Amino acid sequence: MSPPLTIAVPRGALFGGTLDLLDRLGLDTSEVRSNERKLLFAEAGIVTMRPSDVPTYVEHGAADIGVTGKDVLLEQSDREVYELLDLGFGHCRMVVAARAEDDALGESLRRLGRVRVATKYPRIAAHHFAETGRQAEIVEVKGSVELAPLTGLVDGVVDLTASGRTLSENHLEVVEEIVACTARLIANPVAHKLKAAEIDALVERIRSE
Amino acid sequence: MTHPIPPGTRDVLPDEMRELRVLTDRLRAAFERAGYGEVWTPSLEYEEVLKTGDDRAAGAGYRLFDEHGEVLAMRSDMTIPIARVVASRYRDAEPPFRLCYFAHAYRQVERGTGQQREFLQGGIELVGVRALEAEAEVIALCVSALEEAGLRRHRLGVGDGQLYRHLLVALEVPQESHLPLLESLSRRDLAGLEMRVEQLGLAGRDRDLLVRLPQLRGGPEVLERANGPVADAVESLRGLYGLLSERGVADRVIFDLGLVRELGYYTGAVFELYDPAVGFALGGGGRYDELIGRFGRPLPACGIALDVQRVHLAQAAEEGLK
Chain A
216 MSPPLTIAVP
226 RGALFGGTLD
236 LLDRLGLDTS
246 EVRSNERKLL
256 FAEAGIVTMR
266 PSDVPTYVEH
276 GAADIGVTGK
286 DVLLEQSDRE
296 VYELLDLGFG
306 HCRMVVAARA
316 EDDALGESLR
326 RLGRVRVATK
336 YPRIAAHHFA
346 ETGRQAEIVE
356 VKGSVELAPL
366 TGLVDGVVDL
376 TASGRTLSEN
386 HLEVVEEIVA
396 CTARLIANPV
406 AHKLKAAEID
416 ALVERIRSE
Chain B
46 MTHPIPPGTR
56 DVLPDEMREL
66 RVLTDRLRAA
76 FERAGYGEVW
86 TPSLEYEEVL
96 KTGDDRAAGA
106 GYRLFDEHGE
116 VLAMRSDMTI
126 PIARVVASRY
136 RDAEPPFRLC
146 YFAHAYRQVE
156 RGTGQQREFL
166 QGGIELVGVR
176 ALEAEAEVIA
186 LCVSALEEAG
196 LRRHRLGVGD
206 GQLYRHLLVA
216 LEVPQESHLP
226 LLESLSRRDL
236 AGLEMRVEQL
246 GLAGRDRDLL
256 VRLPQLRGGP
266 EVLERANGPV
276 ADAVESLRGL
286 YGLLSERGVA
296 DRVIFDLGLV
306 RELGYYTGAV
316 FELYDPAVGF
326 ALGGGGRYDE
336 LIGRFGRPLP
346 ACGIALDVQR
356 VHLAQAAEEG
366 LK
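Protein chains in written order, with the working numbering: chain A, 216 to 424; chain B, 46 to 367.
What the hints contain is simulated information worked out from the structure, not anything from laboratory work. It cannot be assumed that every hint is accurate.
[As the list claims (entries may be wrong)] Cβ-to-Cβ under 8 Å is the rule here; a few derived chain A residues that face chain B:
hint: 1; residue: Tyr297
hint: 2; residue: Glu322
hint: 3; residue: Leu324
hint: 4; residue: Val405
Quick caveat, the model's predicted, so the values are computed rather than measured. Every residue gets a Cβ at the ideal spot worked out from N, C-alpha and C, and that includes glycine.
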């Protein structure tokens, strides 16, 4: 018999917390834990993927529900998914960071009328600077964002940080906090109606933890 | 070499076209048999006229100038053009009017999201009936037309687009909090809604109602669980359940007290159609009692529009199950 719900599980920082949660809900995640290369675990109803793909699979109904970070949901705010619960783990902050030794952001804004920031979150970054009344040039990068200000590509970065260690190791310091992020439970809108009982039961069990 | 077409548009070749034609013929036959005559209206309308119906011109995505400098807009749905048709072409005729359509509509899309810029809608509008009979007729016809088109597992969600607004007023939630709460709801952000409700500092029972009500969805038992300030709205959904039972389609309906539709012209019941094979709603609609009046002839109305391509997906999946 196929499992009642297909769950999109994010690999990466939220992987452990998500599997622990699923364990507590009585799912068998041992195969998922022991098999790093396999992506689809049909018997357990689990599909694993990078966190930023979770809203895509859930929006299209390839997974009924999924776990991903609030940062991903904010960046992909036009996805048609239900955000059901704040799961309370995976705490981190979306921040603006810049070189510790000088005020590159302020200087750039004062003299050039705009700031240049590198980020993997162009929407969140653009929205934050627009909200705070500053012109910003957003440079989208895919890899380590910390490199960008060190090489003079940009004045600062917008990035997600948990402990701030990677930032400080690269001589960057947090200058503004944009938003605090945690893991969220999301659901496909059609599954939310057609599998209401299964989804509600799951939500209730997580709530009563 | 290929010559591009805009993202969100598509060419349809004969194999698919034959299937689409069979599908739309079946839907059209079902609508016609029920007395819904087919209409065509222009793809291009004056923007001013669309704005008469909805101040955002129902979210029209494309505008252009004609040779006189007038602003034209590509229609983003068929309901507003039909409201215009009813108020101007049927100015002196005796209602009710039953109309159906199969036509393309246009919306703006974001690059890379796979949304459709041009999409074929098939739908029905029942104009001039204020009673709940109208909702029941439209729902039952839509459910049975989809059955004739080959769907077996489709369900129709019914809610009340004004329900949450009424609840906010009844619980005396400060006016300035209404919009953020309603926005959370229409963004389907239930976690955010809960957080915002917590910040209101309401008594336990009111707080629970605001958080739990939008999550109530299911069979008629859902209506038993919603009382208090929303009793009136729920009473009318209960009446609708009775009418749908008489028509034998009550088991296809999901009552959904959290259902909201984006378009601003709905005044009462709202609908959405689902099939387990498709991750997106197949269509939707609702009651819009004020829209036609804005064009000069006040008449109550309700209708449903289907996204034909998504219905085709559901139908193809259904055939795969056989």
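Right, here's what the structure says about each hint:
1. Annotation: interface hint on Tyr297 (chain A) holds; nearest CB of chain B at approximately 4 Å, less than 8 Å.
2. The interface hint given for Glu322 (chain A) is violated, since its Cβ lies 35 Å from the closest Cβ of chain B, which is over the 8 Å cut-off.
3. Taking 8 Å as the C-beta contact cut-off toward chain B, the hint placing Leu324 (chain A) at the interface is violated, the least distance being around 29 Å.
4. Below 8 Å, beta-carbon pairs count as interface contacts, and Val405 (chain A) has one with chain B at about 5 Å; its hint therefore holds.
Hints 2 and 3 from the earlier list are contradicted by this structure; the remaining hints agree with it.
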